[in-house]
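Chains as they are written, first to last, in the numbering used here: chain B, 1119 to 1296; chain F, 1119 to 1296; chain P, 1119 to 1296; chain A, 1119 to 1296.
Calculated directly from the structure, the hints in this document are not laboratory data.
For every residue, glycine included, the Cβ atom is placed at its ideal position computed from N, Cα and C.
Mixed in with the good hints there might be a few duds.
Keeping only pairs whose Cα atoms sit at most 30 Å apart, straight-line, the calculated DSSO-like set for lysine-lysine is [to be verified]: (1) B:K1142 / B:K1201; (2) A:K1142 / P:K1201; (3) F:K1201 / B:K1142; (4) A:K1201 / P:K1142.
Label-pair restraints from in silico Cβ distances [to be verified]: (5) F:E1260 / B:M1206: 40 to 48 Å; (6) B:I1176 / F:G1172: 32 to 40 Å; (7) A:Q1229 / B:M1206: 51 to 59 Å; (8) A:E1267 / F:P1225: 45 to 53 Å; (9) B:M1206 / A:S1162: 44 to 52 Å; (10) P:D1257 / A:F1131: 29 to 37 Å; (11) A:E1267 / P:D1134: 49 to 57 Å; (12) A:E1251 / F:Q1255: 57 to 65 Å; (13) B:Q1138 / F:V1268: 43 to 51 Å; (14) P:Q1138 / A:E1251: 16 to 24 Å; (15) F:S1230 / B:E1260: 32 to 40 Å; (16) A:G1228 / F:S1272: 37 to 45 Å.
So these bits of chain B aren't anywhere near chain F, every CB distance computed over 12 Å [said to hold, decoys possible]: (17) E1189; (18) M1206; (19) L1208; (20) E1222; (21) S1230; (22) E1247; (23) D1257; (24) H1292; (25) F1296.
Protein chains: 4
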Amino acid sequence: MARTAVDTESNWFDDDELAQLRRKLPMLYVDVIPVRLDALGNVSEIGLLLRVDGDGRIVRSIVSGRVLVHESLREAIVRHVEKDLGPMALPKPPASMTPLTVAEYFPTPGQSLFVDPRQHAVSMVYLVEVEGECSPQHDALELTWFDAEVILESAVMDELEPSHAILLRRALAHAGLF
Amino acid sequence: MARTAVDTESNWFDDDELAQLRRKLPMLYVDVIPVRLDALGNVSEIGLLLRVDGDGRIVRSIVSGRVLVHESLREAIVRHVEKDLGPMALPKPPASMTPLTVAEYFPTPGQSLFVDPRQHAVSMVYLVEVEGECSPQHDALELTWFDAEVILESAVMDELEPSHAILLRRALAHAGLF
Amino acid sequence: MARTAVDTESNWFDDDELAQLRRKLPMLYVDVIPVRLDALGNVSEIGLLLRVDGDGRIVRSIVSGRVLVHESLREAIVRHVEKDLGPMALPKPPASMTPLTVAEYFPTPGQSLFVDPRQHAVSMVYLVEVEGECSPQHDALELTWFDAEVILESAVMDELEPSHAILLRRALAHAGLF
Amino acid sequence: MARTAVDTESNWFDDDELAQLRRKLPMLYVDVIPVRLDALGNVSEIGLLLRVDGDGRIVRSIVSGRVLVHESLREAIVRHVEKDLGPMALPKPPASMTPLTVAEYFPTPGQSLFVDPRQHAVSMVYLVEVEGECSPQHDALELTWFDAEVILESAVMDELEPSHAILLRRALAHAGLF
Chain B
1119 MARTAVDTES NWFDDDELAQ LRRKLPMLYV DVIPVRLDAL GNVSEIGLLL RVDGDGRIVR
1179 SIVSGRVLVH ESLREAIVRH VEKDLGPMAL PKPPASMTPL TVAEYFPTPG QSLFVDPRQH
1239 AVSMVYLVEV EGECSPQHDA LELTWFDAEV ILESAVMDEL EPSHAILLRR ALAHAGLF
Chain F
1119 MARTAVDTES NWFDDDELAQ LRRKLPMLYV DVIPVRLDAL GNVSEIGLLL RVDGDGRIVR
1179 SIVSGRVLVH ESLREAIVRH VEKDLGPMAL PKPPASMTPL TVAEYFPTPG QSLFVDPRQH
1239 AVSMVYLVEV EGECSPQHDA LELTWFDAEV ILESAVMDEL EPSHAILLRR ALAHAGLF
Chain P
1119 MARTAVDTES NWFDDDELAQ LRRKLPMLYV DVIPVRLDAL GNVSEIGLLL RVDGDGRIVR
1179 SIVSGRVLVH ESLREAIVRH VEKDLGPMAL PKPPASMTPL TVAEYFPTPG QSLFVDPRQH
1239 AVSMVYLVEV EGECSPQHDA LELTWFDAEV ILESAVMDEL EPSHAILLRR ALAHAGLF
Chain A
1119 MARTAVDTES NWFDDDELAQ LRRKLPMLYV DVIPVRLDAL GNVSEIGLLL RVDGDGRIVR
1179 SIVSGRVLVH ESLREAIVRH VEKDLGPMAL PKPPASMTPL TVAEYFPTPG QSLFVDPRQH
1239 AVSMVYLVEV EGECSPQHDA LELTWFDAEV ILESAVMDEL EPSHAILLRR ALAHAGLF
């Protein structure tokens, strides 16, 4: 079964406790599309991670993770980008925390476009410029930059987690490329 | 001490359990500014509630409340408006769930403009047209409609919970009235 | 050659004068996607016009037109919807005039996704709820309401003016349906 | 009389021709608030120009100017920032051209919050990070950076052109600082 919203902080709670919390409250997430911008601010490249998902399949994904208690959205964005792309990634969160879109993940398919079998999660989605050197961390096998003008027509879209493919389309629409 | 984010679902958990959850996870809220629109879509009136706050002071407030697990943002908006303005209020959530602004409430003053001594809460803020008949419910003493063009200059602003005054200004800026 | 941005106010200037103005200044437009909303504010139906374009081909289109001097964006939206959908359409412009997206049309293909052989036009794009009775006017042959959940997968997309197909996708992404 | 939307390209047309065009069409503008961001993306400083206005009064202003025919919004933003702040300013337009707000200027006071005695202008408003070295150009006497957290409480607001004061408030509300 595909992981549709990636969470690697399970260790902040033991597994049982996190599973219990997930039955009681909506979980707050940030989903981040890492991008390179040209001199005019156009999105020129999209950074996607390659991972092994919970079923052993290789999938591409954007940066995604939970907002911790007492953590600001900006801190969560920077923490998750650095966790996945390395400490030299230099992410630049946008000037406004109004997200480009909001994704509501439900455990039951059909309640929205976004499914997460583990939980009800509400995710704030951002385009985040990454200016530094990136190197994939932890469970990421690879980080690849794709040309923003052609990615939506490419086979890469089929390798993306389905929820992340939707968010990438919305991000490129927001940026005027789709 | 002022209640800066109103929550009346404590009863969904017992008090101890809710207090525990609040120490563990950010709580997801919706803050709703109820409005009347004219034929061109201009915000003409703002609906504010009059309540007795936790310290026995009379304050004005917008509609605000927690998103429950497995509840969509739209359902939470409608539920909270109907809970405060009555079952005939006929709220119309906007076509997009991208909020006009996001308010991050922290227990410690100074971490953001929004303080909530009880918890870390992240609130999605919406202008919501209310087309039906409103009657204040539960702990609301009164619902009053104020002229959107003059409210920001009026003494009403001092009667509003401080966080809600900020959100009202942002909502009127968003609507082109400030 | 396809009309990519529809303009029927040429009569406000004689043809020569309008052609001259178009060489001198960017033209300001509104592009409006007429929608029906359900009780929770979800976009349920999309209204598309059927027209004969400048080359005698039958195409579907959204509502689109120029903003006149001294006319507000709200007035332009209402005027164009009523011009195309009839005086009983009862359009409701959104509470904020911040557009869901901005379309920049250039005469030269390749400068952006939007081409208009006649002019440089900048269009503010809105989802507009239409609550009344619609009847196609003037050069529109028909107005048809399409189910918002399936329209993007349907053959209707190939009948839309290419620029309007892009805008419809962006509008549905904005509304959480794509 | 205050200039509420600054335009220094009159030379692209002779004065008579520009005056004529202004009576015929809405003019498309960009209004840009130059900012410095901290490592988390928070707006830390606001750059304001000091100019002599048409009546010989010294006023502060943001960067503002007309969009030329066949010029993209991004090109207009960069051109106007470099024109006012110098060729080493290195402005970074945001990834999306959806403006933070739209300002509609009318010659007649009372039709909107924004007045421009010369014309009907519609302005797309953006926060733009400026990363390089700035030096005021042409008719600007000085460029001063102000602390974003205190500027709205300061006497600087009274020195700003009234329309620009409104836009600065909206920009800071958008960025979560007001």
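Going down the list of hints, with the structure as the test:
| no. | hint | in the structure |
| --- | --- | --- |
| 1 | B:K1142 / B:K1201 | holds, 27 Å |
| 2 | A:K1142 / P:K1201 | holds, 21 Å |
| 3 | F:K1201 / B:K1142 | holds, 21 Å |
| 4 | A:K1201 / P:K1142 | holds, 21 Å |
| 5 | F:E1260 / B:M1206: 40 to 48 Å | violated, 57 Å |
| 6 | B:I1176 / F:G1172: 32 to 40 Å | violated, 53 Å |
| 7 | A:Q1229 / B:M1206: 51 to 59 Å | holds, 52 Å |
| 8 | A:E1267 / F:P1225: 45 to 53 Å | violated, 21 Å |
| 9 | B:M1206 / A:S1162: 44 to 52 Å | violated, 22 Å |
| 10 | P:D1257 / A:F1131: 29 to 37 Å | holds, 34 Å |
| 11 | A:E1267 / P:D1134: 49 to 57 Å | holds, 55 Å |
| 12 | A:E1251 / F:Q1255: 57 to 65 Å | holds, 59 Å |
| 13 | B:Q1138 / F:V1268: 43 to 51 Å | holds, 50 Å |
| 14 | P:Q1138 / A:E1251: 16 to 24 Å | violated, 42 Å |
| 15 | F:S1230 / B:E1260: 32 to 40 Å | holds, 37 Å |
| 16 | A:G1228 / F:S1272: 37 to 45 Å | violated, 20 Å |
| 17 | E1189 | violated, 8 Å |
| 18 | M1206 | holds, 27 Å |
| 19 | L1208 | holds, 23 Å |
| 20 | E1222 | violated, 6 Å |
| 21 | S1230 | violated, 7 Å |
| 22 | E1247 | holds, 20 Å |
| 23 | D1257 | holds, 23 Å |
| 24 | H1292 | violated, 10 Å |
| 25 | F1296 | holds, 17 Å |
Hint compliance for this structure: hints 5, 6, 8, 9, 14, 16, 17, 20, 21, 24 are broken, all remaining hints hold.
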